[in-house]
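Asker: Each chain, written out:
2 protein chains.
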Amino acid sequence: MSIDESDIPALARGCAILGTGGGGDVRTGSLAAVRAIRAYGEVPLVELADLPGDALVVPLSGIGAPTVGHEMIHGEDEPKRVAEEVERLFGRPPSAIMSSEIGGSNGVGPVAWAARLGVPLLDADGMGRAFPEVQMVSMYVAGLPADLVIMSDIVGNVVTIRPIDGLWSERLARAVCVAAGSHALMADYVLTAGRARGAVIEGTVTRALGIGRATEGAADPLGALQDRLGAVRLITGKLTDVDRRTTGGFVRGTATIEGTGDERGRRLTVELQNENLVAVEDGAVRAGVRAGVRAMVPDLITIVDTETAAAVQTESLRYGQRVSVLAWPCDPLWRTPKGLETAGPRAFGYDLDYVPVEELTAHG
Amino acid sequence: MSIDESDIPALARGCAILGTGGGGDVRTGSLAAVRAIRAYGEVPLVELADLPGDALVVPLSGIGAPTVGHEMIHGEDEPKRVAEEVERLFGRPPSAIMSSEIGGSNGVGPVAWAARLGVPLLDADGMGRAFPEVQMVSMYVAGLPADLVIMSDIVGNVVTIRPIDGLWSERLARAVCVAAGSHALMADYVLTAGRARGAVIEGTVTRALGIGRATEGAADPLGALQDRLGAVRLITGKLTDVDRRTTGGFVRGTATIEGTGDERGRRLTVELQNENLVAVEDGAVRAGVRAGVRAMVPDLITIVDTETAAAVQTESLRYGQRVSVLAWPCDPLWRTPKGLETAGPRAFGYDLDYVPVEELTAHG
Numbered sequence: 043m044s045i046d047e048s049d050i051p052a053l054a055r056g057c058a059i060l061g062t063g064g065g066g067d068v069r070t071g072s073l074a075a076v077r078a079i080r081a082y083g084e085v086p087l088v089e090l091a092d093l094p095g096d097a098l099v100v101p102l103s104g105i106g107a108p109t110v111g112h113e114m115i116h117g118e119d120e121p122k123r124v125a126e127e128v129e130r131l132f133g134r135p136p137s138a139i140m141s142s143e144i145g146g147s148n149g150v151g152p153v154a155w156a157a158r159l160g161v162p163l164l165d166a167d168g169m170g171r172a173f174p175e176v177q178m179v180s181m182y183v184a185g186l187p188a189d190l191v192i193m194s195d196i197v198g199n200v201v202t203i204r205p206i207d208g209l210w211s212e213r214l215a216r217a218v219c220v221a222a223g224s225h226a227l228m229a230d231y232v233l234t235a236g237r238a239r240g241a242v243i244e245g246t247v248t249r250a251l252g253i254g255r256a257t258e259g260a261a262d263p264l265g266a267l268q269d270r271l272g273a274v275r276l277i278t279g280k281l282t283d284v285d286r287r288t289t290g291g292f293v294r295g296t297a298t299i300e301g302t303g304d305e306r307g308r309r310l311t312v313e314l315q316n317e318n319l320v321a322v323e324d325g326a327v328r329a330g331v332r333a334g335v336r337a338m339v340p341d342l343i344t345i346v347d348t349e350t351a352a353a354v355q356t357e358s359l360r361y362g363q364r365v366s367v368l369a370w371p372c373d374p375l376w377r378t379p380k381g382l383e384t385a386g387p388r389a390f391g392y393d394l395d396y397v398p399v400e401e402l403t404a405h406g
Numbered sequence: 043m044s045i046d047e048s049d050i051p052a053l054a055r056g057c058a059i060l061g062t063g064g065g066g067d068v069r070t071g072s073l074a075a076v077r078a079i080r081a082y083g084e085v086p087l088v089e090l091a092d093l094p095g096d097a098l099v100v101p102l103s104g105i106g107a108p109t110v111g112h113e114m115i116h117g118e119d120e121p122k123r124v125a126e127e128v129e130r131l132f133g134r135p136p137s138a139i140m141s142s143e144i145g146g147s148n149g150v151g152p153v154a155w156a157a158r159l160g161v162p163l164l165d166a167d168g169m170g171r172a173f174p175e176v177q178m179v180s181m182y183v184a185g186l187p188a189d190l191v192i193m194s195d196i197v198g199n200v201v202t203i204r205p206i207d208g209l210w211s212e213r214l215a216r217a218v219c220v221a222a223g224s225h226a227l228m229a230d231y232v233l234t235a236g237r238a239r240g241a242v243i244e245g246t247v248t249r250a251l252g253i254g255r256a257t258e259g260a261a262d263p264l265g266a267l268q269d270r271l272g273a274v275r276l277i278t279g280k281l282t283d284v285d286r287r288t289t290g291g292f293v294r295g296t297a298t299i300e301g302t303g304d305e306r307g308r309r310l311t312v313e314l315q316n317e318n319l320v321a322v323e324d325g326a327v328r329a330g331v332r333a334g335v336r337a338m339v340p341d342l343i344t345i346v347d348t349e350t351a352a353a354v355q356t357e358s359l360r361y362g363q364r365v366s367v368l369a370w371p372c373d374p375l376w377r378t379p380k381g382l383e384t385a386g387p388r389a390f391g392y393d394l395d396y397v398p399v400e401e402l403t404a405h406g
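If you read the sequences in order, they're chains P and L.
Count along the first sequence from 1, add 42, and you get the number used in our numbering.
Count along the second sequence from 1, add 42, and you get the number used in our numbering.
By construction, these hints were calculated from the structure, which means they are not laboratory data.
It is possible that some hints are incorrect.
What the hints assert, rightly or not - Facing chain L, a subset of chain P residues (Cβ under 7 Å, in silico):
| # | residue |
| --- | --- |
| 1 | G198 |
| 2 | N199 |
| 3 | T202 |
| 4 | L209 |
| 5 | W210 |
| 6 | R255 |
| 7 | A404 |
For glycine and all other residues, C-beta sits at the position ideal for the given N, C-alpha and C.
Can you make the complete structure from the sequences, with help from the hints?
Answerer: In structure tokens form, the structure reads like this:
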């Protein structure tokens, strides 16, 4: 199959839901995708099994603070510069582009990047959601060496990092990103299709499209979305407090939702770092105390408009919005010991043992 | 000729004088040079004319705040990692190492790096002195494209930057340097011997050795040094005030010297940013007012111990030291319009038109 202009709105809605508040503003990625498809034609969507084992897959993502990415006009030559560097280093051009993170703008942007390069998009990504740090990808969890990062910024600089590990990869890429104006296009874990098997999360472009289409024309969009995701509804109410600041290339903060209607008197706080990380009822997360915690990273927590079921991204949170909070299980990869070490609650500074959302909400 | 262990003290003294206070602590470079020569043997010193036109010359320097470089134990594998990256990108290994800046530790360190790699050292550098920013090199002034920077840090990360210009080269390299612990080894303007002609300052290793030897056993070391450099003595006195802080990978500050003996009542202030930049008598530099300015960058200003004529580096400035301040002309390359635009007083934020030290001190 191919992705054409008519698929972009559904893809964008699905990617916003999977973005758990982050991954960049999907409007930015959508505009870029529509513009590129009009100029270069539709983008073939391929499965890993369709590619020869030695085909080069280039995982791409925008890196930077969403509030900055949102406002910057993206250059159009970044994908070309990354592809040129890939060809210089590997002696052959990319066979396919992959989204590093399906959540948010980074799930839609790769359609534009693939269109510009004239290569197919792989139906897979490295997260099955969005995460704020570059080492938080399935390739890292699968034990692939984080031996090469290629970055291209809007002014035309290209930076190649050969880090000793994933944490240095994050530290150096973030420093380059901040120096380059807090936004850049990044290729991380360039790999062959052969090595990608078992190291990427397959089918996630198709899944995002399906999520986006689930609410189209639905009488009860919130219910339709919940069914599609297999999600628990944590609260329905009103956004009463948003505390959000941009520091060191990240957006950090909290969003507080107070219950309305039948749920009057309840209060849920969502803690976020680009993405929504922890949802806790009646209070803040305290060291080691998980009383009140209803869901935690790497499980997915998304704030949606109660009426339309559209995701509300971190940068669009506003006092008084009528919202519901949904939570659902992450890909099993993230529940392995290496997965939790990489992107569990402690990786974000929370002194909490991970408990799956199904258990946390079973008696809720 | 070759550089052996017995040459290192003189080379270090000369490089410290040419460092105008900066370029890193020469003791660090000296220790590394002695250790590497003992392990790998003496280092051939070659002239540009000795190399075939297509021989690869790799200009190397340490980048970072001197106060940090001073205290960090340097890794020994950085030169090897840079050379491997050069070979990966150019398809052949380096034929010679060149010091990017002859001033300070960066003039002595390349002896160690060349010894470890088993390649000759080129008798040339990119500054004829020391400068704080990476675009302030003769290759940039000569119009060579700043198209590649290779950095290797102490933990083993390798970063390659393809910047759009010299200023972006500086901005990105500095960001990587700070993220990597404020110190890294850097190859900038990897070039063939053919392209190096007219784009590097030749003979500066020999010059540094000659400066270092001028004071050996001299009855009047200060006079001998002054003669060798063709330098003017701006003041002899006592260090009465040192204001120094490390921010964003740089050391910035001022040093004030009050005259003693015949010069009692006089006061000279040296403004510095890693290196000594402006010497002004009786007052601070005010916008556009050069009254009292006795020497300014790119001319060289070095504070020396009055008795031994050894250079006092920025990080060693101490209240009460008996010092003299010498100033002498820079290489003619720095007095061209492009040279002054790159490293003249305005490049450092001083609202001053450049006037050669010979003119500023002719009526002093």
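Asker: If a hint holds in the structure, say so; if it doesn't, say that too.
Answerer: The hints, checked one at a time:
For G198 of chain P, the shortest C-beta to C-beta distance to chain L is roughly 4 Å, which falls under 7 Å, so the interface hint holds. For N199 of chain P, the shortest C-beta to C-beta distance to chain L is roughly 5 Å, which falls under 7 Å, so the interface hint holds. Taken as an interface hint, T202 of chain P checks out: its beta carbon lies about 4 Å from the nearest beta carbon of chain L, inside 7 Å. Hint status for L209 of chain P relative to chain L: violated, with the closest Cβ pair at about 10 Å, above 7 Å.
The closest approach between the C-beta of W210 of chain P and any C-beta of chain L is roughly 5 Å, which is under the 7 Å cut-off, so the hint is satisfied. About 42 Å separates the beta-carbon of R255 of chain P from the nearest beta-carbon of chain L, more than 7 Å, and the hint is not met. For the restraint placing A404 of chain P at the interface with chain L, the shortest Cβ-Cβ distance is roughly 44 Å, beyond the 7 Å limit, so the hint is violated.
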